[in-house]
Amino acid sequence: CVGLAAASPADVGFSLAATRSALAHRAVVVGADAEELRAGLTALAAGEPAAQVVTGRAGADRGRTAFLFSGQGSQRLGMGGELCAAYPVFAAAYDEVCALLGTPVDVDSEELHRTGSTQPALFA
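One point on numbering: in the working numbering, the residue at position 61 of the sequence shown is 75, and numbering is uninterrupted.
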């Protein structure tokens, strides 16, 4: 990360996505600020595990791209549970947002018909 201190994370991310070949091995570094991003990049470069780093390998089947703009009504109970179980970074962000909301998101399905419960539950 030497020499990149002045670059914004958005600019670095764009440059990496737009100017590099799409190779089979992939990595994503997630952070709330530049310090967390640098720590993740340092761990990635050293080959060390880090909570804010997700690595993987792209499949041979390139698949197709789809975009879904569902609006309200797409929610279902526990839709973020699998992400929480699989990705510690997502789980930490989920817990942080739930604490900030101050609203219980573990509500019964009937509560999802009320906007006051639906909007916070969309994240859950």
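Please keep in mind that the hints were generated in silico from the structure rather than gathered at the bench. Do not rely on the hints blindly, as some may be mistaken.
What the hints assert, rightly or not - Using C-beta positions, here's what the derived DEER-type ranges look like:
#, residue 1, residue 2, range
1, Ser123, Ala21, 42 to 50 Å
2, Glu96, Ala46, 44 to 52 Å
3, Ser29, Ser123, 42 to 50 Å
4, Ala80, Ser29, 23 to 31 Å
5, Ala48, Glu125, 37 to 45 Å
6, Ala57, Leu114, 24 to 32 Å
7, Ala60, Pro23, 29 to 37 Å
8, Glu110, Thr33, 19 to 27 Å
9, Leu114, Pro23, 30 to 38 Å
10, Asp122, Cys98, 17 to 25 Å
11, Cys112, Gly61, 15 to 23 Å
12, Phe104, Pro23, 35 to 43 Å
13, Ala60, Phe81, 31 to 39 Å
Since the model is a prediction, treat every value here as computed from it, not as a measurement. Using N, Cα and C, we set each Cβ at its ideal position, and we do this for glycine too.
Results for each hint:
At roughly 46 Å, the beta carbons of serine 123 and alanine 21 sit within the given window of 42 to 50 Å. Roughly 23 Å separates the CB atoms of glutamate 96 and alanine 46, a value that falls outside the hinted 44 to 52 Å. A hinted range of 42 to 50 Å for the beta carbons of serine 29 and serine 123 is consistent with their spacing of about 45 Å. Between alanine 80 and serine 29, the C-beta spacing of about 27 Å keeps the proposed range 23 to 31 Å intact.
Between alanine 48 and glutamate 125 the beta carbon distance is about 39 Å. The supplied range of 37 to 45 Å therefore holds. Checked against the hint of 24 to 32 Å, the C-beta distance between alanine 57 and leucine 114 comes to roughly 27 Å, which is consistent with it. Distance hint for alanine 60 and proline 23: a CB-CB separation of about 20 Å, inconsistent with the stated range 29 to 37 Å. Separated by about 32 Å at the C-beta atoms, glutamate 110 and threonine 33 break the suggested range of 19 to 27 Å.
Distance hint for leucine 114 and proline 23: a CB-CB separation of about 21 Å, inconsistent with the stated range 30 to 38 Å. With their beta carbons about 20 Å apart, aspartate 122 and cysteine 98 fall inside the hinted range of 17 to 25 Å. With their beta carbons about 33 Å apart, cysteine 112 and glycine 61 fall outside the hinted range of 15 to 23 Å. A hinted range of 35 to 43 Å for the beta carbons of phenylalanine 104 and proline 23 is inconsistent with their spacing of about 18 Å.
With their beta carbons about 36 Å apart, alanine 60 and phenylalanine 81 fall inside the hinted range of 31 to 39 Å.
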